[in-house]
Amino acid sequence: MATILTRYGDGTMLTMSEKELMQDLEAGTQDAAERGNIPALSKEELAHLFDIFSLPYNFVSVEPGNEVVLTYDAGTLKIRRVGVNVDRIQALQIYEKIMGADTMELCHVDYSFKPIKPIVTMEQPILEQALLSTHVPLFYGAMPNLGTYTQPDGPFPNPSELMPMGDIEGSRASYDATVEEAVKDIVYAARAMHASGADGINLDTVGAAGEADFKASLMAADILKKEFPEICIELGMAGEFILGMHGEMEWEGTRLAGMYPHEQVKMAEKAGVTIFGPVVNTNTSESSPWNLSRAITFMKACCDVATIPIHVNMGMGVGAVTVNDHPPVDVVSRASKAMVEICRLDGL
Amino acid sequence: MRAAGDLVARMQMARGMRIAEAKAYVAEKLSVSVSELTDPVIMTEVRQDLQIGQIMPLPGCAKGIEAKFRLSEVLELDINCVNRFKDRTAI
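Line by line, the protein sequences are chains A and B.
Numbering-wise, our numbering puts 45 at position 45 of the first sequence, and it's gapless, one number per residue.
Numbering-wise, our numbering puts 5 at position 5 of the second sequence, and it's gapless, one number per residue.
Accuracy of the hints is not assured; some may be wrong.
[What the hints assert, rightly or not] Only part of the chain B face toward chain A is listed, based on derived beta-carbon distances under 10 Å: (1) R10; (2) R18; (3) A20; (4) K29; (5) G53; (6) I55; (7) M56.
Rather than coming from a laboratory, the hints here were simulated on the basis of the structure.
Just so you know, even glycine gets a beta-carbon here, dropped at the ideal spot from N, CA and C.
Bound-form chain B, shown alone (with noise of 0.2 Å):
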């Protein structure tokens, strides 16, 4: 969450990809290269910039289930509660 991890460990879990296909899908899908990735300053600044959520909720930024429908267009992702929250909202 300080930097890239969730987003890597997302695909993972929803693709079953290994670690260096996954941060190379996360890392094209936020225009940024791979090692930065792990760079919690870069990664703060592209976090807030997607509005994907970041350590520090800034007041007025995406926060939770917010963030997570950001996150799930950026990583073009299927994120269950995203997909449940549609259905229960009729979005």
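So that you can see chain A by itself, here it is in the shape it has in the complex (with noise of 0.2 Å):
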């Protein structure tokens, strides 16, 4: 019997036999369907994954012509983030001319909403100048985090406070504040940088808290389409479910607390959303098969009902990716041929 090479969702080796693997496939596949009420994947599927893992090679791919586009979230951040000390436009030129990027995002280093409407007047020239001299589609993008609206980064009272003290309905009445406040900021940026000739708007980490984070972000996008309706928008979330922190807020008459990706794409599609981004979390405690087979199986499920290109979300702990700030390329390239070949999906 082979052994199989594989790691932990940490990132760390792992050895396996044969059997060990196609029990942690069948198990991780199990949970995603009992969690998210959705089917598990077939034996073909399964037996597609097993073979996968079983290639002896290092870096694997897809078929010529199988190739799918790629998104960014946070480019620009990212290269200051390595300590590369270049300014934002030399970094979208680094990634399209070095990298071969298919799209771009500018974007500040503090990556929210929030802080970038006060200085959006800052931002706008530098798009206007590199849509000048870049020849990809930029996005401009930021986070709704409306952590920062409660205090003390911010003007409402802090829910995670208020609950441990019984305060159920101050702290809801906080989260419907909170939404109200992203919503405008969240327009007032997009407007700015669409105006200025964005080829599209990213909504970053969506959901991060909560579900008052995706309503507020299914209103700003619903609010952008009406007004532009050739926008783009792509909204990438935070996390597989939406936490219920408020636990009774609806958007369009649907409650948003405790979907999966294959709900939460419903309501992307309905506020006018482009391209949906869903994320599946990686169990560090699980090897990569479990956690690759639980998130091919969700995000499957989410490929099947949709109607808009799907990128899924694969970078460090999310789909299936350990984590790690450098994934090991095996572990990435299995994951990402595998959420090609059997999600069918758009992009990554």
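Can you join these two chains into the complex? Each is in its own frame, and there are hints to help.
Encoded structure:
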């Protein structure tokens, strides 16, 4: 029996027998199916995953012609994060010409719409100049980040302090107030960047502060799409599950808490979102086969019901990629190949 | 950008096309096959011929906004910054 060399979700190496590999693949898909109330992967799909993990190569890929396009979140921020000291327009050019990126995103290091609002007139000329010297479609992106609207960072009472005191109503009222303000900030900044020529607006890490975060993003997308029918809005999620911090928050008559990707995408479509970026979180103590089988199950259900392009989030800690700053290529390439071949998605 | 990923991405972004539809649309407009869209050798020649921007910008070839003007025509696509450029320069 062959030995499979793979990793845990935290990136550490792991060897498995073929039997253990199949057991983890089955357990991963079962976990997703039970949580999301969605179909588990078929025997053929599990066998395909088994084959991908059995390949002896470090890097694997799809067959020619099956490639998908890539969008990036926080691209100009990440190049500074790794200590490459270049200006943002230079960063865009590096991604485009040296890395061969299909698209890019201009962003500010303080990557939330709230701090962008007062400096948006400083951001617009950067985008306008970047658009003159680049070729690929350029997004302008930031996070809704509703956590920045509550004390001590923002004006509203902090629900995390009110809840332990039993003030449920006060906590919910605070979440409702943050939604209202966040929508104003997102729409304000997006309008400005659209006017400056952006090819798209990226709302990134949506849902990080629970369903209020998701609701604000949906409302902002809805307003922008009605105002600018031609605008491209990409909505990338923070996690696989909409956290019920409020519990009863709704949008368009639908309760948002507890939604998984195949339900989130229907809300995104209703709001006029152009590209949806679902997330499945990586479990660090489970194996890569377990994580990938689980992630594929969620993503396949999402792609099956979607009518808009799906760009699955594949990076550190999501999409079965290990939780490392520099994820190992054996896991990244296997996860990417499996996502494209089984989910029939549109991009990563 | 090494092949045609940016062009396919534009169709997803501008028209909400899924990947197969976007690839077919771009291939038809460039008069290439879908499988050739990801070949960097073929696509460099196509991009150079159509003046729609390439990784290695040769002297005299369309670059940046110039290439996006061409791209807007080739893909029959409204590009936000191209329209903005036209407004600002009274073209």
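Results for each hint:
1. R10: 5 Å, holds
2. R18: 5 Å, holds
3. A20: Nearest chain A Cβ about 9 Å off; hint holds.
4. K29: 16 Å, violated
5. G53: 4 Å, holds
6. I55: Holds. Min distance 6 Å.
7. M56: Hint on M56 of chain B: holds, closest Cβ of chain A at ~8 Å, below 10 Å.
Hint compliance for this structure: hint 4 alone is broken.
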